[in-house]
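Student: Sequence:
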Amino acid sequence: MATARYEVRVNGRLSERAQGAFCTMGVRPVPPQTIMFGDLGGQSDLCDLLALCSAMGLEVVSLQRLPRSP
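Here my numbering = 1-based position in the sequence shown + 1.
The hints are simulated quantities; they were obtained by calculation from the structure and are not laboratory data. Glycine is no exception: its CB is placed at the ideal position from the N, C-alpha and C atoms. Any given hint could be a false lead.
Stated by the list, open to error - Ranges of calculated distance between the beta carbons of each label pair, as one might list FRET restraints: (1) 58 / 31: 18 to 28 Å; (2) 49 / 12: 18 to 28 Å; (3) 69 / 18: 17 to 27 Å.
Starting from the given sequences, assemble the full structure and let the hints guide the process.
Tutor: Structure (structure tokens):
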């Protein structure tokens, strides 16, 4: 399964507990948003990530597939 690197921006700042829900992702606060980034294994992983954001009441403001480093 090919992986792809993604960046997801949500409004607001995530608590430590909320950050723990995204344990496979890097999390960086950039007020007034939080950026999460990391490798996802496929379409289902991306859907799971977005479903988790929705379940936690997070407003996704941006989703980008990032280029691979050479």
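Student: Going through the numbered hints above, which ones does this structure break? Give me the numbers in ascending order.
Tutor: Failing hint: just 3.
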